[in-house]
Amino acid sequence: MSFFKKLKEKFQSTEKTEQVSDKYKEGLTKTRKSFSEKINDLVARYRKVDEDFFEDLEEILISADVGVETVMDLIDELQMEVKRQNIKDTNEVKSVISEKLVEIYQGEDDEEIATLNLQEDGLTVILFVGVNGVGKTTTIGKLAHQLKEQGKEVLLAAGDTFRAGAIEQLNEWGKRVDVDVIKHSEGSDPAAVIFDAIQAAKSRNADVLICDTAGRLQNKVNLMNELSKIKRVIEREVPNGPHEVLLALDATTGQNALSQAKTFGEATNVTGIVLTKLDGTAKGGIVLAIRNELGIPVKYVGLGEQMTDLQQFDPQAFVYGLFADMMEEENLDS
Amino acid sequence: MAFEGLADRLQSTIQKIKGKGKVTEQDVKEMTREVRLALLEADVNFKVVKQFIAKVKERAVGEEVMESLTPGQQVIKIVKEELTSLMGGEESKINSADKPPTVIMMVGLQGAGKTTTTGKLANLLRKKYNKKPLLVAADVYRPAAIDQLQTLGKQLNMPVYSEGTEANPVDIANHAMKQAKDDHLDYVLVDTAGRLHVDNDLMDELKQIEQNVKPDEIFLVVDAMTGQDAVNVAESFNEQLNISGVILTKLDGDTRGGAALSIRAVTDKPIKFVGMGEKLDQLESFHPERMASRILGMGDVLSLIEKAQENVDEKRAKELEEKMRSASFTFEDFLEQMGQVKKMGPLDELLDMIPGANKMKGMKNLEFSDKQIGHVEAIIQSMTPQERMEPSIMNASRKKRIAKGSGRPISEVNRLLKQFEEMKKMMKQMTNMQQGKRGKKNKKMKGLNFPFM
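Heads up: the sequence lines are chains C and V, in that order.
Per the UniProt record's numbering, the very first residue in the first sequence carries number 1; after that it's consecutive.
Per the UniProt record's numbering, the very first residue in the second sequence carries number 1; after that it's consecutive.
With the rest of the complex left out, here is chain C (with noise of 0.2 Å):
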C-alpha cells in the first residue's frame, strides 16, 4: 500500500503536467487492463500461493510478451521474497508482485528521462535503424514536427532507398512538417545519400539532421554490412556523429525483438530505443525484456497515428499509466 503511494507522490511531485499522464493512460488503456485485471483475476482465483500460482503467474507475464528469461529471473526473485517473508495469503503477495514489476521497469532508483543526445551547437546526426514495417518513416516524421516546434532547424535523409514508395513517403511527411527532405533516386546507394545529405546540412547550418534507412532483417549479413557503412560516413563526415542511433520496434514484436536490438546494436551501437505502435494491444512488455536484458534505454513510444503522438519514454508515467488502476483500488482500500 504504502509503496503504490510513494510511486504516485513520487510521479506528482516531479513537476509532470497532467497532459504526459493522460496521454499515456489513455495510449495504454490496452496494456494496463490486462496486466492489473489479470493479476486481480489471478490473485481471486488462488487462496494459497503454490506452485500453480506461479505457473499462471508466468503465463500472464509471458502473454505480455516479457521476455522468457526476465520472467522466469523474476518468477525465482519471487518465490523467494515470499519464502522470506513468509506470504500465504494471495492478496498480500500482490503488492510483492507489483514491487517487483515497477523495480524492472523502473530500473536504478531515480533514473532521469532518457531525452536525446543533441548538440548545443552545431550539427546533430540522428541515424534510424530497424526492420522492415516498424514504423520508421513514421516515426521520423513524428520527430522532425517536435524537433521543429522546439524552434530547430531540421533536415531530413530519404536514406530508404530500396523499397517501393519509401522516398515518396517521407518526401510526404518532410511536407507535412515543413521540413526538406534530401534524397537520390530509387536504387541508389544510401551511404552516398546521407553523404549529400551531411553536406546539405552543414553548407545550410541545419541543427538537426535525421537519416532514414531501409528496415532490414537483422539476419541479413549483407545489408547489416550497409548498415555499418552507412554508419562509418556519418562518423568520417561528422566528428562524434552520429550523435543517436534510434532503433525502431514494433511493440507487437515478440521475442525476437530481443535478437533485434542485439544485432543492430553490434552493427551500429545502438543508443536507444523507439517503441512504435503502443496503442494497439501490445501489452509492451518488451520493454522490461529490453531494460533488463540488454539496458539500451527506451528514449521515445508511438502512442497513436497522429503527428503529435511521439512521447518522450517516461519509466515513472509508464509505470504510473501501467499500474493506474490497481494503484485507484489501493488506494481505496486505504
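Hints are computed from structural coordinates only; laboratory data are not their basis.
The C-beta atom is built at its ideal place from N, Cα and C for all residues, glycine as well.
A hint or two may mislead.
As the list claims (entries may be wrong) - Straight-line Cα separation of at most 27 Å, DSSO-like style, residue types lysine-lysine; simulated pairs:
no., chain 1, residue 1, chain 2, residue 2
1, C, Lys-38, V, Lys-214
2, C, Lys-229, C, Lys-262
3, V, Lys-57, V, Lys-80
4, V, Lys-371, C, Lys-262
5, V, Lys-371, C, Lys-229
6, V, Lys-77, C, Lys-48
7, C, Lys-100, C, Lys-83
8, V, Lys-214, V, Lys-178
9, V, Lys-55, C, Lys-38
10, C, Lys-48, V, Lys-418
11, V, Lys-50, C, Lys-100
12, V, Lys-29, V, Lys-77
13, V, Lys-80, V, Lys-128
14, V, Lys-47, C, Lys-100
15, V, Lys-342, C, Lys-229
16, V, Lys-404, C, Lys-229
17, C, Lys-94, C, Lys-152
18, V, Lys-29, C, Lys-83
19, V, Lys-131, C, Lys-48
20, C, Lys-38, V, Lys-47
21, V, Lys-279, C, Lys-262
22, V, Lys-400, V, Lys-371
23, C, Lys-94, V, Lys-50
24, V, Lys-154, C, Lys-175
25, C, Lys-94, V, Lys-47
26, V, Lys-279, C, Lys-229
27, V, Lys-424, V, Lys-342
28, V, Lys-371, V, Lys-404
29, V, Lys-132, V, Lys-93
As the list claims (entries may be wrong) - Cβ-Cβ distance ranges computed for the label pairs, FRET-style:
no., chain 1, residue 1, chain 2, residue 2, range
30, C, Asp-89, V, Ser-85, 40 to 48 Å
31, V, Ser-85, C, Asp-76, 32 to 40 Å
32, V, Gln-211, C, Asp-121, 57 to 65 Å
33, C, Glu-186, V, Glu-421, 41 to 49 Å
34, C, Met-307, V, Lys-279, 29 to 37 Å
35, C, Ala-192, V, Gln-386, 36 to 44 Å
36, V, Gln-340, C, Gln-150, 32 to 40 Å
Position chain V against the provided structure of chain C, taking the given hints into account.
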C-alpha cells in the same frame, strides 16, 4: 540467447532419458517443461502451448512410448506430429470465383507487409497460374502507400487502379471492380490500409468494402515476428471480417514464427503463403510439416532437397562425391560445387534448412554472405590451372600473384589454402565414417556437403 532452438533444449533432457530402459512420468514432466519454455520462446501463444503440452504429456506417458525401444526419439516424434497437426493439414489453394474477376482483399496491422505481399501475390498469380491481376490502391491514409503500389505495378508491368488519397476506399474498390470487368482481368487484389484491430471506424470501413466487392478471399497479412498479440489480432480480424486465410511475412528473419502455430490453432484458418524475402518472387506456399521442423530447430531437409533437385545436376554431384571420397578433389571441383550451391539460393537460407547446422561448432559465428563466396571465387580464379589441380606447388611468389589478381590480402589466400587442406582431410574422415556403421544415415546427405564451411 533465447533462440537456440527447441532441439537444443530437448537434447539435453533427452540425453538423460535416452539411456534409460523406460521413460517415467517424472522424465516426461521434466521434458515437457523444457518444451513449454522453448515454445514460449518461439512466441507460440501461451494458451496454445498449454493445450499442446497436455496432449503431448498424455501421449508421451502412453503405451507407444513405453514400449518403444528408443523412447527419447519417440517423444520427439510425438512433439513434431502434434506441432504439424496444430498448424493444419495440407497446403491450400486460392479460391477462385465462378465468374471472373476473383477478388482478394489484403488486410492487417500497419507494417505487416500488405503492399509488398500484394505485389508478390500478383506476381505469383501471373507466373504460376497465368492469370491477369489488377492491383487496387485502397490505402489512402499512409503517406505514399499509393506510390508504393504503383511502383510495384511498374516493376511487375501490371495495371494499378488508384484514385489518389482523397477518394473513399469503398468507392475505389467499387470502381476498380468495374475496371477489372471492362478490361477482362482475372483477379482484383485490394490493398487496404494497415489498421489496428481495435480501431472500430477503420474496421467498419473494411466491412463496407467487403460487403461491396464480395471478396472470394480475405487474406490477413501477419508479421512472423509478432509476439503473443498475434492471436488477439487474428481473432479480432476474423470475428469482424471472417478471413479466409493467413499470409505470414518476414519469415526469412531469424524468428521461429511461433505466431504461425497459434493463429492456425485459434482461428482455424489456414496459413496459405509465407513471405521469404524482399524480392517480388519470394512468396512461397506454406508447408505445415516443414514449419514444425523449423520451430523445432530440426531444419527443413525437404525444402533443401527440393531446391537441390531443381538446381543441381545430379550426375555432376555424383562425380564430385566420388572425387571427394578418393580425395582427388581439386580447387577446380570446389569452384564448380560452389557454383551449384549458389544456384540454390542465398547461403544463410540454405544453412537454416540443414538439420543441426545451428549447433555445429563455430557455425553460429560464421557469417555467410554471398560476397564472401565471391571473394573465394576470385581467389581460385586467379590461380593457374596447374595450381588448381595441385595446390602443393604453391609458394610465396605464387601466393603474392594470386592475392594481387584477386584483389584480396595474402592472408586470405593462405587461409583458403589451409581450409582447403583441412577440408580434404575431413572428407577423407567422413568417407571412412560412411563406410562404418553410420553409413546409412550419412548417405542421405551426400552430394550436399558444403566444403567451404
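List in ascending order the numbers of the hints, as given earlier, that are violated by the structure.
Those not satisfied are hints 1, 6, 10, 13, 17, 19, 36.
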